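2 protein chains.
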Amino acid sequence: MNSPGKYITFCLILAKYYTARGTIDMQMLENLEKFTRLKRDVAQINVDPLQRGGILTPEARAALVEWGDGYSICDFCAGMLDHIRNPPVEEFVHSILPEFLDIDEVRVTHGAREGKFAAMHSLCQKGDFVVMDGNAHYTSVLAAERAGLNVEYVPSSKEPDYAISSEGYALAIERAYEKKGNVTLALLTYPDGNYGNLADARAIADVCHDYGVPLLLNGAYSVGRMPVKARELGADIIVGSGHKSMAACGPVGVLGASEEYARIIFKPSATKKNKEVELLGCTVRGAPLITLMASFPTVVERVGRWPEELENARWFSSEMEKMDLVQVGDRPHNHDLMFFLTERLYDISQTAKGGRYFLYREMKDRGVCGIKPGLTRQFKLSTYGLGRPELEVVLNALSEIIESHEKDEKGDKNEKGANGS
Amino acid sequence: MNSPGKYITFCLILAKYYTARGTIDMQMLENLEKFTRLKRDVAQINVDPLQRGGILTPEARAALVEWGDGYSICDFCAGMLDHIRNPPVEEFVHSILPEFLDIDEVRVTHGAREGKFAAMHSLCQKGDFVVMDGNAHYTSVLAAERAGLNVEYVPSSKEPDYAISSEGYALAIERAYEKKGNVTLALLTYPDGNYGNLADARAIADVCHDYGVPLLLNGAYSVGRMPVKARELGADIIVGSGHKSMAACGPVGVLGASEEYARIIFKPSATKKNKEVELLGCTVRGAPLITLMASFPTVVERVGRWPEELENARWFSSEMEKMDLVQVGDRPHNHDLMFFLTERLYDISQTAKGGRYFLYREMKDRGVCGIKPGLTRQFKLSTYGLGRPELEVVLNALSEIIESHEKDEKGDKNEKGANGS
Numbered sequence: 000m001n002s003p004g005k006y007i008t009f010c011l012i013l014a015k016y017y018t019a020r021g022t023i024d025m026q027m028l029e030n031l032e033k034f035t036r037l038k039r040d041v042a043q044i045n046v047d048p049l050q051r052g053g054i055l056t057p058e059a060r061a062a063l064v065e066w067g068d069g070y071s072i073c074d075f076c077a078g079m080l081d082h083i084r085n086p087p088v089e090e091f092v093h094s095i096l097p098e099f100l101d102i103d104e105v106r107v108t109h110g111a112r113e114g115k116f117a118a119m120h121s122l123c124q125k126g127d128f129v130v131m132d133g134n135a136h137y138t139s140v141l142a143a144e145r146a147g148l149n150v151e152y153v154p155s156s157k158e159p160d161y162a163i164s165s166e167g168y169a170l171a172i173e174r175a176y177e178k179k180g181n182v183t184l185a186l187l188t189y190p191d192g193n194y195g196n197l198a199d200a201r202a203i204a205d206v207c208h209d210y211g212v213p214l215l216l217n218g219a220y221s222v223g224r225m226p227v228k229a230r231e232l233g234a235d236i237i238v239g240s241g242h243k244s245m246a247a248c249g250p251v252g253v254l255g256a257s258e259e260y261a262r263i264i265f266k267p268s269a270t271k272k273n274k275e276v277e278l279l280g281c282t283v284r285g286a287p288l289i290t291l292m293a294s295f296p297t298v299v300e301r302v303g304r305w306p307e308e309l310e311n312a313r314w315f316s317s318e319m320e321k322m323d324l325v326q327v328g329d330r331p332h333n334h335d336l337m338f339f340l341t342e343r344l345y346d347i348s349q350t351a352k353g354g355r356y357f358l359y360r361e362m363k364d365r366g367v368c369g370i371k372p373g374l375t376r377q378f379k380l381s382t383y384g385l386g387r388p389e390l391e392v393v394l395n396a397l398s399e400i401i402e403s404h405e406k407d408e409k410g411d412k413n414e415k416g417a418n419g420s
Numbered sequence: 000m001n002s003p004g005k006y007i008t009f010c011l012i013l014a015k016y017y018t019a020r021g022t023i024d025m026q027m028l029e030n031l032e033k034f035t036r037l038k039r040d041v042a043q044i045n046v047d048p049l050q051r052g053g054i055l056t057p058e059a060r061a062a063l064v065e066w067g068d069g070y071s072i073c074d075f076c077a078g079m080l081d082h083i084r085n086p087p088v089e090e091f092v093h094s095i096l097p098e099f100l101d102i103d104e105v106r107v108t109h110g111a112r113e114g115k116f117a118a119m120h121s122l123c124q125k126g127d128f129v130v131m132d133g134n135a136h137y138t139s140v141l142a143a144e145r146a147g148l149n150v151e152y153v154p155s156s157k158e159p160d161y162a163i164s165s166e167g168y169a170l171a172i173e174r175a176y177e178k179k180g181n182v183t184l185a186l187l188t189y190p191d192g193n194y195g196n197l198a199d200a201r202a203i204a205d206v207c208h209d210y211g212v213p214l215l216l217n218g219a220y221s222v223g224r225m226p227v228k229a230r231e232l233g234a235d236i237i238v239g240s241g242h243k244s245m246a247a248c249g250p251v252g253v254l255g256a257s258e259e260y261a262r263i264i265f266k267p268s269a270t271k272k273n274k275e276v277e278l279l280g281c282t283v284r285g286a287p288l289i290t291l292m293a294s295f296p297t298v299v300e301r302v303g304r305w306p307e308e309l310e311n312a313r314w315f316s317s318e319m320e321k322m323d324l325v326q327v328g329d330r331p332h333n334h335d336l337m338f339f340l341t342e343r344l345y346d347i348s349q350t351a352k353g354g355r356y357f358l359y360r361e362m363k364d365r366g367v368c369g370i371k372p373g374l375t376r377q378f379k380l381s382t383y384g385l386g387r388p389e390l391e392v393v394l395n396a397l398s399e400i401i402e403s404h405e406k407d408e409k410g411d412k413n414e415k416g417a418n419g420s
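Residue numbers (numbering that gives the first Met the number 0), protein chains in the order written: chain A, 0 to 420; chain B, 0 to 420.
If you're looking for bench data, these hints aren't it; they were derived computationally from the structure.
Warning: the hint list may mix true and false statements.
[As the list claims (entries may be wrong)] Within a straight-line C-alpha distance of at most 25 Å, the following computed PhoX-like cross-link-like pairs (lysine-lysine) qualify:
no.: 1; chain 1: B; residue 1: LYS321; chain 2: A; residue 2: LYS125
no.: 2; chain 1: A; residue 1: LYS274; chain 2: B; residue 2: LYS371
no.: 3; chain 1: B; residue 1: LYS274; chain 2: B; residue 2: LYS125
no.: 4; chain 1: B; residue 1: LYS371; chain 2: A; residue 2: LYS272
no.: 5; chain 1: B; residue 1: LYS266; chain 2: A; residue 2: LYS125
no.: 6; chain 1: A; residue 1: LYS271; chain 2: B; residue 2: LYS178
no.: 7; chain 1: B; residue 1: LYS272; chain 2: A; residue 2: LYS125
no.: 8; chain 1: A; residue 1: LYS371; chain 2: B; residue 2: LYS272
no.: 9; chain 1: B; residue 1: LYS271; chain 2: B; residue 2: LYS321
no.: 10; chain 1: A; residue 1: LYS371; chain 2: B; residue 2: LYS352
no.: 11; chain 1: B; residue 1: LYS321; chain 2: B; residue 2: LYS363
no.: 12; chain 1: B; residue 1: LYS363; chain 2: B; residue 2: LYS352
no.: 13; chain 1: B; residue 1: LYS157; chain 2: B; residue 2: LYS352
no.: 14; chain 1: B; residue 1: LYS38; chain 2: B; residue 2: LYS363
Only a predicted model underlies this, so the values are computations on that prediction, with no experimental measurement involved.
Using the sequences and the hints given, assemble the complete structure.
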């Protein structure tokens, strides 16, 4: 497709095949070249919480090239993805991951949401109730909706803490009972994806267990970032996200369950004995799984460095507050994902060139992206994996932007004042 | 992790974090290094039908490196994966793919099986019947089982043709009716993954439509290899596989539907208005989607070269038959995936060193892999994308192996005969 001659031949061949809609297809084909050389347009420092934990290690990047082809990991499959020995998927899935998550059984999934759906779809009956925290990710709600379940929320304590309590779970279960509901699952987002709050999972698990309800821990923002041991936290089921927090190429995730629930979630097919129904036989049949494996030693290492990450996050939060950018959620904060109320930036946006997009543009000019374009009054970001020097770049960018605009504003006012007097 | 000093520090940090199970974790960690530098151990020519259509283009391989990080395609997402404009996912999903598949609506999925499940789960009620060809891939059966559906099979004509007829669909639907079944979907595997048979999809669609049953075409082995136009074939729903046949990194696939069914399959959530329930909001949120896009111009081009591929496949089949390796299924064959009865190789395996694994080993010594290790009496392979010179390597390897063993065998017999006389 690189030489014009080849391109013309290719167009001619196609014209032959699409005679009926010839002109349309020729147009379609002329548009395709742009898909071949797409470049990612991001700044050097990306503080989007979605992106911070998914940056590949050099080993994972090399693995992508080595294992990129379609079904590459299936060359030596004897029928079950999780039992492939070459590459060593079996050891990774059946020894390493259960140890890492501290749970009986683990499988690889397409991501946290697919793991949640698999658990809900297999453990609950249509019409049942699932109880979940009011801070839950939208995919938990969608997974429940797809499985035909009713959702009873545990409301958060609202601004500024947005805290989720174990008592809230008891009350939500009771409310579902009042509706004659059958509560077959509880879910806790750990931490939630808005405020980065880490609720007391152990206390919540205890409450759920008192009602005989298993607890699913959504660890999309924790597994691979910080130590998470399902057994210690009382979680019966746990999901993690490779692309969100395990330095893997998406889509890939993990789904763990204690023996009691694993038996149901990973039930083999009635007719295809070595295929698990909820996984449709196998899930990640390609390179993303190898990136999960290739990054894993680094992931284990960084989980060990969590106190350092936490210290950076808290320091960043305190520096933000010096600029009157106020962190909400847990205080002191226990996670790298933080939500800030930034009224000062909103005020600037009222007169700034580009309106509410000024912040995105001006941050990007300073090498920082990841705050959603258009947001100025409040936003979330993550400090994960960024050292102090990089966090200083972010802080200085914000400080410079604020100062330059407020100086202009002051200047304008003084000018107006001078003119008016 | 490269210098010993760093490795020791890393172990010490970890030891601190896993004091309770210190020794176990230290062992676990020592084992992790091997996951970082995994190499794919395949021969130069891989005739596994699973692998032939999924080999990346150079553009797709470059895209993997550029877009490898976790959620890379989501930097500029405004809430819906299929409407992302940078990279141009929206144009690809909403203009290019519907044109390519000739169907109203298309979405990206994790693969063909996930597309089949999404269609079954949304279009059928638990307990309904799905009618499918007896040659169906196991994942169609699993998708039905996961969706709680009963399967009524359309049996094939058995050896040597394994043909699926449109009359068979009428009979299967009638049988389901006799069981008081509600038939809400029919599925045709086009071609099937064992024999590479292409049934008369149009005739089957007509029969199904006479009964008011929509037809789902499983094009995992056709979409991206050969021209497939859903509307022409009468398919109401179509699935394709990026890793199997569209030169993409797995897992990724496409799911198309005519407007009538798209409305149901891609229904938005009741509470999260811009999220589609069956897709759990979004599916392939990572590099595999970009590889699908990067390879697409080449895929369109190769689909245009299908007659050449077919000619190669038929020539290969005729050369195989000169060695008494008999092709079953459609004759003349209409697809690159072919199934051979190879009694002659089975006979050799009875005395060969390594028993039934001799073939795999000896083919690999000659630069060819992809025939399942241990198979000798019958196997499938694909000629897709292999030119005559490469196909000659495969044929010569088989011929050499047969000749060398049969010569030995003959020599042994002669020797025994000479000794005995």
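Is the straight-line distance between the alpha-carbon of LYS371 (chain A) and that of LYS272 (chain B) 25 Å or less?
Given that 25 Å is the threshold and the Cα spacing comes to 20 Å, the pair holds.
Is LYS266 (chain B) within 25 Å of LYS125 (chain A), Cα to Cα?
Within the cut-off at roughly 18 Å; holds.
Are the Cα positions of LYS371 (chain A) and LYS352 (chain B) separated by 25 Å at most?
Distance ~64 Å between LYS371 (chain A) and LYS352 (chain B) Cα, so the pair is violated.
Can you confirm whether the C-alpha distance between LYS38 (chain B) and LYS363 (chain B) stays at or below 25 Å?
holds, 16 Å
Between the alpha carbons of LYS274 (chain A) and LYS371 (chain B), is the straight-line distance 25 Å or under?
The hint holds at about 19 Å.
Does LYS271 (chain B) pair with LYS321 (chain B) here, judged by a C-alpha cut-off of 25 Å?
It is violated: about 62 Å lies between the C-alpha atoms, which goes past 25 Å.
Between the alpha carbons of LYS363 (chain B) and LYS352 (chain B), is the straight-line distance 25 Å or under?
Roughly 15 Å between the alpha carbons, so the hint for LYS363 (chain B) and LYS352 (chain B) holds.
LYS321 (chain B) and LYS125 (chain A) were given as a pair; does the straight-line alpha-carbon distance stay at or below 25 Å?
violated, 58 Å
Hint consistency between LYS271 (chain A) and LYS178 (chain B) [alpha-carbon to alpha-carbon, up to 25 Å]:
holds, 23 Å
Please verify whether LYS371 (chain B) and LYS272 (chain A) have alpha carbons no more than 25 Å apart.
Holds - the C-alpha atoms of LYS272 (chain A) and LYS371 (chain B) are around 20 Å apart, at most 25 Å.
Hinted pair, alpha-carbon criterion (25 Å max): LYS274 (chain B), LYS125 (chain B). Please report holds or violated.
holds, 24 Å
Can the restraint linking LYS321 (chain B) and LYS363 (chain B) be considered satisfied, given a maximum Cα separation of 25 Å?
holds, 22 Å
Of the numbered hints given earlier, the model fails hints 1, 9, 10 and 13; all others are met.
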